[in-house]
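A.B. asks: Read top to bottom, the protein sequences are chains L and D.
Read in our numbering, the first sequence has 175 at position 175, and its numbers run on one by one without any break.
Offset between the second sequence (1-based) and our numbering: plus 1000.
The set of hints was computed from the structure by calculation and includes no laboratory data.
C-beta: ideal position from N, C-alpha, C; glycine also.
A portion of the hints provided could be inaccurate.
[To be verified] From the structure, some residues in chain D lie toward chain L, with a derived Cβ separation under 7 Å: (1) L1053; (2) T1054; (3) V1062; (4) P1063; (5) L1064; (6) R1078; (7) D1196; (8) Q1200.
2 protein chains.
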Amino acid sequence: MNVQAGAAAPIEFHFDFSSPYAYIASELIDALAEKHGRGVHWQPVLLGAAFKLTGAAPLVQVPLKDAYALRDFTRSARFHCVPLRIPARFPVSTLHAARAFLWFTQQDEMGARQFAQAVFRAYFLDGREIDQIEVVLDLAQSFAQPFDVTRAALAEALQGTVLKNALRDIVDRALSSGVFGVPWFSVDGEPFWGVDRLPQLERWLEQGSF
Amino acid sequence: MNVQAGAAAPIEFHFDFSSPYAYIASELIDALAEKHGRGVHWQPVLLGAAFKLTGAAPLVQVPLKDAYALRDFTRSARFHCVPLRIPARFPVSTLHAARAFLWFTQQDEMGARQFAQAVFRAYFLDGREIDQIEVVLDLAQSFAQPFDVTRAALAEALQGTVLKNALRDIVDRALSSGVFGVPWFSVDGEPFWGVDRLPQLERWLEQGSF
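Please put together the full structure from these sequences, using the hints given.
C.D. replies: Have a look at this one:
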């Protein structure tokens, strides 16, 4: 999944754990990339920070768009055969989960990806409150050996400034490079926004520029 | 193109002449509908009126989104094999063109559709100033017999209140039914927003609810 074939650069994949479209994409992107001999570089971004720059708001808070968005979230999930239930509390802050993801990437990139998928599924399948530190620690614990040491270490890291700064830097870099929504993919510098751009992304992988 | 097979209701298709995505859709929707034994009911809407309700703005006026949008317009057109050049003046008012379209529908629905395609192509292929009444009249003239009578009649109608009220009513109805963007499709009450939703629309036509 994380193997790069030859010299082909990985697909850059930006996500926010609170986006249903990013969740759908997170269930599809690794297989699609692998089919074309690419790896995937998963990176968290905070939609709230992007919205401040673009003046956007969560879809479910926008008049007219709210009802359509709820319908489109679930229909798009069915279209892609990805199980999804919109949580009762939606959207929520993904600050702790994003920082925890970065902490995992410092240990083990594959473990970090499994953690990300666990967070997405906990939120969009089980409706768990992924904005809560305790829930994030519970999810992290599933991937950690020995459990107690890792839980304590992550809990401490989530209180510190290192992870806070690391997430702020990665979000700033994403915004500076033009990322304003999720899921966001970049293939050899070509940007694609939205799970609905996967067909264009796939054609790009097949043909290069079209 | 406008034939309905059996009792299947036509696809409702809302467009604004200033939207590149609506232009791309306008080149695809009739053939897609025909393949599934459906007609298409073309209806103009004014994005500006929708934006007032949703707080949205033209994509090329939104920080970060502007550069991506210009890239995505042309890449999406190439993806769908629809020739497109973003006009120097973009977007523009489509008030006169939309009223003229309604005037044509009162005469002949097929003629109205040909007029709509002529307006879209004049704007997105030839960069003509479709916000100008004289350009709208020039385009209308191509479809009219005898030319002089129609040009004069349309010019007069564009000054009157009947067409203004008709467009206001059709836009109000669209907004009331939840339309907030274009292209907008509705199949048996199921709404689809965006040319990128054509694959979902097609599955709906094939299977019904999914």
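A.B. asks: Now, for every hint given, state plainly whether the structure supports it.
C.D. replies: Going through the hints against the structure:
For the restraint placing L1053(D) at the interface with chain L, the shortest Cβ-Cβ distance is roughly 6 Å, inside the 7 Å limit, so the hint holds. Checking T1054(D) against chain L: minimum C-beta separation of about 5 Å stays under 7 Å; hint holds. Because the closest C-beta pair between V1062(D) and chain L is about 5 Å apart, less than 7 Å, the hint holds. Checking P1063(D) against chain L: minimum C-beta separation of about 6 Å stays under 7 Å; hint holds.
For L1064(D), the interface hint holds, since its Cβ comes within 7 Å of a Cβ in chain L; the closest pair sits about 4 Å apart. Interface restraint check for R1078(D): the shortest CB-CB distance to chain L comes to about 6 Å, inside 7 Å, so the restraint holds. With a cut of 7 Å, the hint placing D1196(D) at the interface with chain L holds, because the nearest CB-to-CB distance is about 4 Å. This hint holds: Q1200(D) has a C-beta 5 Å from the nearest C-beta of chain L, less than the 7 Å allowed.
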